[in-house]
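Student: So the chains spell out like this:
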Amino acid sequence: MSTATYCPNSPEEIREMLAAIGVGSVGELFSPIPEALRAQSFELPPGMSEFELFQRMKGLAEQNAAGVTNFIGGGFYDHHIPAVVDHLAGRSEFYTAYTPYQPECSQGTLQALYEYQTAICRLTGMEVSNASLYDGGTALAEGAMMALRVTGRNRLVVDSGVNPFYRQIIATYLANLGVEIVDLPLHNGVTNRPALASVLDDRTAAVIVQNPNFFGSLDDLTDLADEAHAKGALLVASVYPVSLGLVASPASMGVDVVTGDGQSLGNPLSFGGPSFGFIATSKKYIRNLPGRIIGETVDREGTRGFVLTLQAREQHIKRHKATSNICSNQSLCALRGLIYLASLGKEGFAELARLNYDKAEYAKGLLGAIKGVRVVNHAPTFNEFALELPKAADQVVASLLQKGLAAGVPLGAYYPGMERSLVVTVTEKRTKGEIDLLAAKLEEALWS
Amino acid sequence: MSTATYCPNSPEEIREMLAAIGVGSVGELFSPIPEALRAQSFELPPGMSEFELFQRMKGLAEQNAAGVTNFIGGGFYDHHIPAVVDHLAGRSEFYTAYTPYQPECSQGTLQALYEYQTAICRLTGMEVSNASLYDGGTALAEGAMMALRVTGRNRLVVDSGVNPFYRQIIATYLANLGVEIVDLPLHNGVTNRPALASVLDDRTAAVIVQNPNFFGSLDDLTDLADEAHAKGALLVASVYPVSLGLVASPASMGVDVVTGDGQSLGNPLSFGGPSFGFIATSKKYIRNLPGRIIGETVDREGTRGFVLTLQAREQHIKRHKATSNICSNQSLCALRGLIYLASLGKEGFAELARLNYDKAEYAKGLLGAIKGVRVVNHAPTFNEFALELPKAADQVVASLLQKGLAAGVPLGAYYPGMERSLVVTVTEKRTKGEIDLLAAKLEEALWS
Amino acid sequence: MELIYEKSVRGRRGVAPPACDVPRAADLPGNILREEKAELPEVSELDLVRHFTNLSRRNFSVDTNFYPLGSCTMKYNAKVLENCAPLFAPYHPMTALLPGGGPLAQGSLAMLHGLSGALAEITGMDEVTCQPLAGAHGEMTGIMLIAAYHRAKGNKKKYVVVPDSSHGTNPASAAMVGYEIVTVPTAPYGDMDLDAFRAAMTDEVAAVMMTCPNTLGLFNPHIREIADIAHAHDALMYYDGANLNAILGKVRPGDVGFDVIHVNLHKTFGTPHGGGGPGSGPVGVKRELVPFLPMPRVVKEADGSFAVETDNPLSIGRTANFFGNFGVMVRAFAYITMLGREGLIQVSEQAVLNANYVMSRLKPYYDLPYDTTCMHECVFSAGKQLRHGVHAIDIAKFLIDRGYHPPTVYFPLIVKEAIMIEPTETESKETLDAFIDVMIEVAKTAESDPEALHQAPLTMPISRLDETKAAREQNVCLG
Amino acid sequence: MELIYEKSVRGRRGVAPPACDVPRAADLPGNILREEKAELPEVSELDLVRHFTNLSRRNFSVDTNFYPLGSCTMKYNAKVLENCAPLFAPYHPMTALLPGGGPLAQGSLAMLHGLSGALAEITGMDEVTCQPLAGAHGEMTGIMLIAAYHRAKGNKKKYVVVPDSSHGTNPASAAMVGYEIVTVPTAPYGDMDLDAFRAAMTDEVAAVMMTCPNTLGLFNPHIREIADIAHAHDALMYYDGANLNAILGKVRPGDVGFDVIHVNLHKTFGTPHGGGGPGSGPVGVKRELVPFLPMPRVVKEADGSFAVETDNPLSIGRTANFFGNFGVMVRAFAYITMLGREGLIQVSEQAVLNANYVMSRLKPYYDLPYDTTCMHECVFSAGKQLRHGVHAIDIAKFLIDRGYHPPTVYFPLIVKEAIMIEPTETESKETLDAFIDVMIEVAKTAESDPEALHQAPLTMPISRLDETKAAREQNVCLG
Ligand SMILES: Cc1ncc(COP(=O)(O)O)c(C=O)c1O
Ligand SMILES: Cc1ncc(COP(=O)(O)O)c(C=O)c1O
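Protein chains in written order, with numbering that gives the first Met the number 0: chain X, 0 to 447; chain P, 0 to 447; chain C, 0 to 478; chain F, 0 to 478.
For the record, the hints were derived by calculation from the structure and aren't laboratory data.
None of these values were measured; they are calculated from a predicted model.
It is possible that some hints are incorrect.
[Stated by the list, open to error] The following label-pair restraints were derived from C-beta to C-beta distances:
# : chain 1 : residue 1 : chain 2 : residue 2 : range
1 : C       : Ala-433   : F       : Glu-34    : 29 to 37 Å
2 : P       : Val-297   : C       : Asp-163   : 30 to 38 Å
3 : P       : Arg-299   : C       : Asn-53    : 21 to 29 Å
4 : X       : Ser-24    : P       : Val-297   : 43 to 51 Å
5 : F       : Pro-85    : C       : Asn-53    : 24 to 32 Å
6 : F       : Glu-5     : C       : Asp-302   : 56 to 64 Å
7 : P       : Val-297   : C       : Glu-35    : 25 to 33 Å
8 : P       : Ala-35    : C       : Gly-382   : 34 to 42 Å
9 : X       : Ala-35    : F       : Ala-198   : 22 to 30 Å
[Unchecked claim] Derived DMTMM-like pairs (lysine to aspartate or glutamate); straight-line CA-CA distance at most 25 Å:
#  : chain 1 : residue 1 : chain 2 : residue 2
10 : X       : Lys-431   : P       : Glu-61
11 : X       : Lys-282   : F       : Glu-179
12 : P       : Lys-283   : C       : Asp-465
13 : X       : Lys-57    : P       : Asp-435
14 : C       : Lys-152   : C       : Glu-224
15 : C       : Lys-36    : P       : Glu-126
16 : P       : Lys-428   : X       : Glu-61
17 : F       : Lys-362   : X       : Glu-11
18 : P       : Lys-57    : C       : Glu-341
19 : F       : Lys-36    : X       : Glu-126
20 : F       : Lys-152   : F       : Glu-179
21 : C       : Lys-152   : C       : Glu-287
22 : X       : Lys-283   : F       : Asp-26
23 : X       : Lys-431   : F       : Asp-26
24 : C       : Lys-468   : P       : Asp-298
25 : X       : Lys-402   : P       : Glu-61
26 : C       : Lys-362   : P       : Glu-15
27 : C       : Lys-362   : P       : Glu-11
28 : C       : Lys-415   : C       : Glu-440
29 : F       : Lys-285   : X       : Glu-42
30 : X       : Lys-283   : X       : Asp-200
31 : P       : Lys-282   : C       : Glu-34
32 : X       : Lys-282   : F       : Glu-38
33 : X       : Lys-428   : X       : Glu-346
34 : P       : Lys-402   : C       : Asp-20
35 : P       : Lys-428   : C       : Asp-20
36 : F       : Lys-155   : X       : Asp-200
37 : X       : Lys-282   : F       : Glu-35
38 : P       : Lys-320   : C       : Asp-202
Just so you know, even glycine gets a beta-carbon here, dropped at the ideal spot from N, CA and C.
This is chain X alone, in the form it adopts within the complex (with noise of 0.2 Å):
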């Protein structure tokens, strides 16, 4: 019954229908399926109405705790979304159009993406971006790729300070590729300049690193693009997007390829997705990106518009040939970024960054300046950052979350003989008196 409202036709149409097709009922439009090859089993509960589905649906989600104050990153960030983004990434031409394959019925998408690798551009100080790729891990991982292709070599070099998911993504893509992989152990929570040094060489396609790192550590990078250049590697660094704009772009430090995760740029914590990928590298790289690319273009009257353009690097013209396999991508969250940075603007946008900067760092004298509590990061930190505790940190991460608190990501499972540590991250969301609260309850589970 329920579906009555999907499937519209009236059995006076349908059978309307099968007379115009010539055929008795709906059952004969299958008999091109053998009856051997029917389903065996197709055990599914009865449908219901839209009411009770979202009742259902609901309690679903109330099975998730309500009211826990995160102070957990990881490469998602609890960001506050202004009202715009919904409402406008919300009108329907937008969000239930598909790929703009037909330019002139589509310049709303189009547009808006082209606005969308302008703000990628600007933000990272890149010449070219895509439309979007999947997520922060596999743009990384689409980047390594794109190395590979640019030098013609096989062997990477990945520096520990890596988000170890993206690290395993990388490992997972490459696997099948005979491709090297070496991790860079971490000097003082940052890049090892002398072991990179040393590993380093013409077989190298790229090195490839991540600013802020997974503790929140910011580093120069200049000297490394220098290094990698001088070996004909190319430096790939994936980028936490707020950070850029407080902390100097890739592009100025010499990055080849940036990417990242464009989830906190306007789209929900959503339990890790939807989100983005995006890349962005020089014009002279432009042929090896992965993905969709819009383009200006003028029409027959010469008035300006947008199209799908070079498509000539994609799998539906070039097969296996392509430089990615990538066909959907992240467009509706890619335009929701768009509007997020739109709606802070040039001067709210940095002035966000600072304050997400100005609260950890409060955070981090407050936590660190605990009795037996140690901060691990020696370089400067953007809105994360790495505390040492008296204690196993899964067990006092553990106690806390029972009274509401995430209070950070132990590094444990992630980074063998750091079960002691956690990484805290704090956004703008996370007033002074969240702080201050996880401060007290972090002491009171270390020493009472």
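With the hints as your guide, set chains P, C and F with the ligands onto chain X.
Tutor: Just chains P, C and F with the ligands now, with coordinates in the frame of chain X:
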């Protein structure tokens, strides 16, 4: 700071504008206002950002008790609102437009309101409807005043089954117009025929009733219409629109002016508003209708289009001779009503009404069977019914409220002598489980 | 575009109601049972969505077009306000009226009390009721309060005085409360003619209704004097708050002699206009009128909690179902909270700046009947253009072709061929400049090619409509 | 229309960030401090809203137009599903991975487990991972699983076999996992040429990727036979689920010999396409491949609660940040829950009915290269029209002028001048009839006035674009 968004001009632009005007400061523009008239106080707190605002408002809303199960009505009903209603009425071209004075760029609103008028006519069986009034109570008052205009008389007979709030509104509206209002006591919970016969005279402009009435009782109004018409009076009835999916139409019973509240048609409870009032009547009374009316016509090419029509009735033209002072109405809520009705459709709306009826009948049977509890209604009821308890209803309702059950509306405050009675409302949203729980808790409250 | 009814297909279903989990009850008796189902649309959810989405695209709106509709204050409504209202959607108003229900509705009651308080401070009144559902409803409520005041004092009053520049709702509202209307002409300088006013004032006058700045966008410097004259006759001063957007933090009606005021939350306080409504018209009064305020009334208890007062012997009674257009009020309260003191002052300053900018730039091209500094709006006349046979309405239609919603052109009635422009503070100089350029283009076209203006609009789904046919045929419902 | 950057005004502010309630910290060292702020737009919230609202109006979409884009299953997405996703918006995925965090994320984990279970039953697979972020991502993940399977068995494999009718992502995905592609031609009857297939099969073939029904909309009755041949070489069968909408409840790939499958939630399971994404491409596998599934994996404990398994020695590892495109999955899970068993079966029946109806009505006017009962879509060729110099693309552009989003015309590559029409089950007969009438009109116009078709579209904000100029100039970012 937060206001920067809403007053866009930058300091430079403001300077340019002042120069163009030829004044030195914005202050000068206020020079027509003598110093002596300037504000003596303007003590308001400073502004805040969108994020802080939303947190504040959320906190306020959370000061209301959540999860109360509603068995209360009293004019506003807890019905499910299909998701499409918010999505479509949420189109900003609808909600950020205003009265469609310029038809060429307002066909969206105009056609929708014409469709709304048609829906109201088809629900009530009447010939003409306006484009909405404020709410159910004021619509009934407008209906009463319409009857005064039509008949040129100044006496009204008001049935006591009419929502006490609506009766107050009528009294308030007419307090200064020297109109005689005769209250008609109930007989067996419905209109008292003998009493009516005795008060109805040829000075009476209208008999005013509600169906189903405040106790949920349904009545066949046919004889009342005959009585009224025999005396040259009109029958004005306020109806609960959802009941019209199951109950004979007011037109079929001879009602002259039909009014009601549209909240139950796709408008949230929202602590009492906004909803909309509807009013429908026969074509012969159209020039006496209050408020805006949309009419069909053609453009210069003969294409169909819609316009505000018969504006000569309205205040902006007739000023003090207008049929009403109403200007802004409740268009967006009326649009929601139309979308709501169209989303359920002919069959679904009838089913929904039946569902409300069946659930209320089940509850009536169950609750009426509790020891010491008596169903007050003699007549059939729609989705509300009155119960007489062995205890003061106030006390019982208050105690069930503590358990998260809004069991009903105690009648004592509105019907002296009925301190032990309450009206219980059951909509399609109330599950059998919730009804059974109410029965159990009520019995408990009465006997343990 | 087809009507939704014309898209109906017999038996087609839309959204399904929940399944029935109780036994089917015995049918209603035949005489009250509906014989034939109402002929509502029979469409699928997709048909429905396409229909209304495409219908919406046939509107101009603030979110898509500059909308300088004079007197209506079509300012931009911040989206966060739209997100605040639904926070209160689930709450039933009756809850607060149930025995023991107050404590369960503290959030809603606090909002109502907070909004009333803020509006009282903004307008300089002693107490505010939020029950009235729109501006006109507020006017009627206000005049009822005045009538109750006079009744209580035993005053015999018969008339309400309004300037001829007043909005139609003013006399209409007063008439609905049973008063006769005395209209005072406007003096050449744009304010109410003081001598005529003096002459009109007698002890039978119940109230004087004024809009200040008036509908010409002019602030009347003699308000205090006018109020003194009125009060000398024990006539009360009513302030139509529709133009309050001009004077936030600058003037408080309560400070300058007004006794009763309504404010249009949907104008000054940034709530959307909904294609004609809902609005909200809270009414503020001075101390002497507080006892007459309608019920229910939200009061703050000694312990800081909020309660509902439901009856009061002197109250005029009730003017609406419950507490008023609550959802609209939530937006307005959030608006006031977000902007704060400085923000609200800025609103008026920028609204006045924008209006004067448009006025001074267009003055060379259009007649300006009252040539003086305006407040939040300016009123031109198409008199100059009329000499070429071009009416204000022709100019309006041409603006539509250029993507602008026309200014108000049917009002104020005292200016012939009026063009009433209210840019509001949310519009930028760039938007105003672009609009001004088009207005200048129109003025030139009126001379060079008046016919072009008579043809407009040409870019809309329909051209000009035959309004006489509509009024004659009265087709207001699909047969 | 101007770009948002072209609407920027120096110093103009948008949405304000919250006020800072902590002391300002010491600045970052100069070498890592950004020197110049990124040149993001500087617009007011109103400018922003007008810009994107008006941009949106320059799109065709399912909610505004019939959108029979073949292979993309542009069905209507019920609005209630859009309301379900935000219910999970506030939850951080890391919560479930924290020590003791599982119990705080039971709702999200239950949803993931429920969706996986439903998809396993629908496809006839033993387990499903929801991590892949789109169809192509699912393909790559699936091929990685196959590679892991072969590695574990010590199989030496080099090739992946795909029919020439396959979607570009199939060979592209296989290539990304390091396989060489062997392409098998399509036989005249529209299915993969069996003899050519047999010839292509060797022990070095790792997998055979098939879409069934294939991209011509035809169901291959020899699937089982093909699978047997593949399995005889220990090659695994991969099912591209993009066309699953045709066979819900009719055929389960797992029952007919497929070992790995991906489904496109954004196609078959009613989630919106977002102007290009996000999608979601869960992958289902048979028992032998379960050990290789990516991490994290949601498991149901004995006590009925849900937990997250984060490592497993045989796992291929991780293919995405967290659990996949969760918000998309919520919609799909709600869709499956709302429609239920009967509803899903009806989906395929009506989708197939609609496609065959369009096919039989248009057959007299367009070449039908493979003339047989189709499944959910039908593929015509503009061969007939080409004789008048009219290409499929010209037909597409003319449809735009009539308010229809064109069918797929660039694909499948094996049909020249392909016109691939997929109506989906949510469209009504009235909509199809209107579309068919226009398609017939186009066919006639192609003969009578081909030039008219070359000129189209004329009703859009722009006419046909110069794609060569775009590719040549590579202006992909505003300077
Ligand atoms: C000056 C003036 N007064 C009163 C009103 C009536 O307000 P409402 O439409 O909210 O009833 C208006 C609205 O147009 C107005 O402009
Ligand atoms: C047949 C077929 N396979 C695979 C894909 C790829 O799916 P996605 O775009 O979700 O990556 C598509 C999408 O167009 C398709 O049509």
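Student: For each hint, tell me whether it holds in the structure or not.
Tutor: Comparing the hints with the structure gives:
A C-beta distance of roughly 35 Å is found between Ala-433 (chain C) and Glu-34 (chain F), which places it inside the suggested range of 29 to 37 Å. At about 36 Å, the beta-carbon gap between Val-297 (chain P) and Asp-163 (chain C) stays in the expected band of 30 to 38 Å. Between Arg-299 (chain P) and Asn-53 (chain C) the beta carbon distance is about 23 Å. The supplied range of 21 to 29 Å therefore holds. In this structure the hint that Ser-24 (chain X) and Val-297 (chain P) lie 43 to 51 Å apart at CB holds, the actual value being about 46 Å.
At roughly 25 Å, the beta-carbon separation of Pro-85 (chain F) and Asn-53 (chain C) lies within the given 24 to 32 Å, and the hint holds. At roughly 57 Å, the beta-carbon separation of Glu-5 (chain F) and Asp-302 (chain C) lies within the given 56 to 64 Å, and the hint holds. For Val-297 (chain P) paired with Glu-35 (chain C), a C-beta distance near 31 Å keeps the hint of 25 to 33 Å intact. Distance hint check for Ala-35 (chain P) and Gly-382 (chain C): the Cβ-Cβ separation is about 36 Å, which falls inside the suggested range of 34 to 42 Å.
Under the hint 22 to 30 Å, the C-beta atoms of Ala-35 (chain X) and Ala-198 (chain F), about 25 Å apart, fit the expected range. With a C-alpha separation of about 22 Å, the suggested pairing of Lys-431 (chain X) with Glu-61 (chain P) holds against the 25 Å cut-off. Between Lys-282 (chain X) and Glu-179 (chain F) the alpha-carbon distance is near 30 Å, which puts this suggested pair outside the 25 Å criterion. This hinted pair checks out: Lys-283 (chain P) and Asp-465 (chain C) have alpha carbons roughly 23 Å apart, not beyond 25 Å.
Annotation: proposed proximity of Lys-57 (chain X) to Asp-435 (chain P) holds, straight-line Cα distance about 22 Å (limit 25 Å). Of the supplied pair hints, the one linking Lys-152 (chain C) and Glu-224 (chain C) holds, its CA atoms being roughly 24 Å apart against a limit of 25 Å. With a C-alpha separation of about 16 Å, the suggested pair Lys-36 (chain C) and Glu-126 (chain P) falls inside the 25 Å cut-off, and the hint holds. Taken as a hint, the Lys-428 (chain P) and Glu-61 (chain X) pair is honoured in the structure, with Cα atoms around 19 Å apart against an allowance of 25 Å.
As the CA atoms of Lys-362 (chain F) and Glu-11 (chain X) are separated by approximately 23 Å, the hinted pair is consistent with the 25 Å bound. Straight-line distance between C-alpha atoms of Lys-57 (chain P) and Glu-341 (chain C) comes to about 24 Å, which keeps the hinted pair within the 25 Å bound. With a C-alpha separation of about 16 Å, the suggested pairing of Lys-36 (chain F) with Glu-126 (chain X) holds against the 25 Å cut-off. At roughly 20 Å between alpha-carbon atoms, Lys-152 (chain F) and Glu-179 (chain F) fall within 25 Å of each other, so this suggested pair holds.
Restraint check: the Cα-Cα separation between Lys-152 (chain C) and Glu-287 (chain C) comes to about 11 Å, which is no more than 25 Å; the hinted pair holds. For the hint linking Lys-283 (chain X) to Asp-26 (chain F), the alpha-carbon distance of about 35 Å lies beyond 25 Å, and the restraint is violated. A C-alpha spacing of about 19 Å is found between Lys-431 (chain X) and Asp-26 (chain F), which places the hinted pair at or below 25 Å, so the restraint holds. In summary, the hint linking Lys-468 (chain C) to Asp-298 (chain P) is supported, as the alpha carbons are separated by about 10 Å, within the 25 Å threshold.
Proximity of Lys-402 (chain X) to Glu-61 (chain P) is assessed by CA-CA distance (about 21 Å); at most 25 Å being required, the pair is judged to hold. For the hint linking Lys-362 (chain C) to Glu-15 (chain P), the alpha-carbon distance of about 17 Å falls within 25 Å, and the restraint holds. Distance check on the hinted pair: Lys-362 (chain C) and Glu-11 (chain P) sit about 23 Å apart at the alpha-carbon level, within 25 Å; holds. Taking the CA atoms of Lys-415 (chain C) and Glu-440 (chain C), the gap is about 22 Å. The hint holds against a cut of 25 Å.
With a C-alpha separation of about 18 Å, the suggested pairing of Lys-285 (chain F) with Glu-42 (chain X) holds against the 25 Å cut-off. Distance restraint check for Lys-283 (chain X) and Asp-200 (chain X): the Cα-Cα separation of roughly 23 Å lies within the 25 Å cut-off, and the hinted pair is therefore satisfied. Restraint check: the Cα-Cα separation between Lys-282 (chain P) and Glu-34 (chain C) comes to about 23 Å, which is no more than 25 Å; the hinted pair holds. At most 25 Å may separate the alpha-carbon atoms for a hinted pair to count; Lys-282 (chain X) and Glu-38 (chain F) meet this at roughly 19 Å.
Taking the CA atoms of Lys-428 (chain X) and Glu-346 (chain X), the gap is near 18 Å; set against the 25 Å cutoff, the hint holds. Straight-line distance between C-alpha atoms of Lys-402 (chain P) and Asp-20 (chain C) comes to about 24 Å, which keeps the hinted pair within the 25 Å bound. Using a Cα cut-off of 25 Å, the hinted pair Lys-428 (chain P) and Asp-20 (chain C) holds, with the two alpha carbons roughly 11 Å apart. Taken as a hint, the Lys-155 (chain F) and Asp-200 (chain X) pair is broken in the structure, with Cα atoms around 31 Å apart against an allowance of 25 Å.
The straight-line distance between the Cα atoms of Lys-282 (chain X) and Glu-35 (chain F) is roughly 22 Å, inside the 25 Å bound, and the hint therefore holds. Simply put, Lys-320 (chain P) and Asp-202 (chain C) have alpha-carbon atoms about 24 Å apart, close enough for the 25 Å limit, and the pair holds.
Consistency with the previously given hints fails for numbers 11, 22, 36, ordered from lowest to highest.
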